[in-house]
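Colleague: The opening position of the sequence shown corresponds to residue 9 in the numbering used here, with each subsequent residue numbered one higher.
These are calculated hints, taken from the structure and not from any lab test. Just so you know, these numbers come straight off a predicted model, no measurement behind them. Where is the CB? At the ideal position from N, CA and C, for every residue including glycine. A few of these clues could be false.
[Said to hold, decoys possible] Distance windows between CB atoms, simulated:
1) ARG251 / ASP314: 30 to 36 Å
2) THR353 / LEU73: 36 to 42 Å
3) ASP207 / ASP187: 30 to 36 Å
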Amino acid sequence: MRVVIVTESFPPDVNGVAHCALQTARHLVRRGHAPLVIAPAVAVADPAADADAPCAVVRVPSLPLPGYPQVRVALPSRRVAAAIAAHRADLVHLAGPFVLGVRGMTAAARLGIPAVAVYQTDLAGYARTYVGTGEGTAWRRLRAVHGAADRTLAPSSAALRDLEAHGIGRVRLWGRGVDTARFRPALRDTALRRALAPDGELLVGYVGRLAPEKRVDLLAGVCGLPGVRVVVVGDGPSGPALRAALPGARFLGRRTGTDLARVFASLDVFAHTGPYETFCQTVQEAMASGVPVVAPAAGGPLDLVDHGRTGLLVPPGDPDALRDAVAALAAAPHLRAAYGRAGRTTVEGRTWEALGDELIGHYREVLRERTAVAA
């Protein structure tokens with residue numbers, strides 16, 4: 009198959025949309041298919057930026073999102089339709105479509121090419137967080153692009169229900185893979201633990217963007233627990249405020265690759281705080297690392313965390329419940345070990361290879377449905 013992946017974000021960006029688009033392209037190449045990626049241009053032009061990409065990447069002019077310059081928003085460009093046509097695409101894959109994805113959907117429809125739209129970001133939740141309104145506008149835009157797609161893939165049961173409740177049809181479930189070879193318990197590093205917790209404190213970690221919708225500020229109560237050290241990995245616009253709000257926390261900045269995997273494996277508890285996760289890849293990475301999870305009982309974590317077996321689910325936005333759950337695990341090393349083992353076992357079959365093959369299955373079904381209609 010010749011597949012064009014139109015994505016709102018792609019490496020060197022570090023986020024769920026970029027990571028999933030990269031893994032999709034890699035898997036298509038491994039299976040003998042021919043992908044092409046269309047993505048927003050990076051902040052500083054660098055001819056070598058896409059040298060490590062598994063396939064060709066077409067960059068579309070972009071501007072930084074006001075107030076959040078790490079996020080780039082694509083500008084209107086004829087490159088999208090031209091690139092899809094030149095690639096002679098059999099199918100267009102829209103990754104987290106909202107701005108660039110709308111142009112990709114329009115081009116696919118004009119060219120008569122089937123499209124699969126992958127829902128990845130709770131844009132209505134973001135609108136609620138950043139501007140206090142605009143949820144209706146966000147859903148109207150999402151309905152326009154997903155409603156035009158041949159199939160929408162939702163990453164979790166909660167996301168699927170949300171899409172259907174807002175009038176979006178032809179939705180199927182497609183989760184995310186996790187690199188169980190990279191993220192593994194054996195990377196637990198005693199030297200790193202001594203550096204982060206010189207007095208032998210219990211290490212409680214958050215990994216992700218430091219942005220308002222992630223509610224990392226909820227960890228303030230955890231910082232006050234005796235014998236506990238909070239470790240924050242990531243960057244973003246909320247960084248300065250969080251350094252003031254989380255006394256005693258260690259901020260490690262952005263980490264990637266084996267360095268990130270070593271941090272994960274060295275934690276005693278992983279705490280996620282954001283209530284708007286359509287999936288939550290970092291929860292899977294923590295589980296693959298053999299670390300028990302505390303997460304909000306909302307969105308993607310509902311599918312990922314088996315409460316009382318691989319971790320604990322708490323009411324979203326409740327700092328006291330989050331603190332109490334961490335305290336309970338801090339006092340029960342046997343539970344932490346059991347949850348960690350169960351978490352690792354749970355995700356061992358969720359490789360990107362398995363999820364990539366499942367995605368290709370969705371592509372083939374859509375192509376067969378189009379052929380049947382045409383006949």
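Colleague: State for each hint whether it applies.
Modeller: Now the hints, each set against the structure:
At roughly 34 Å, the beta-carbon separation of ARG251 and ASP314 lies within the given 30 to 36 Å, and the hint holds. Here the CB-CB span from THR353 to LEU73 is close to 39 Å, well matched to the stated 36 to 42 Å. Between ASP207 and ASP187, the C-beta spacing of about 33 Å keeps the proposed range 30 to 36 Å intact.
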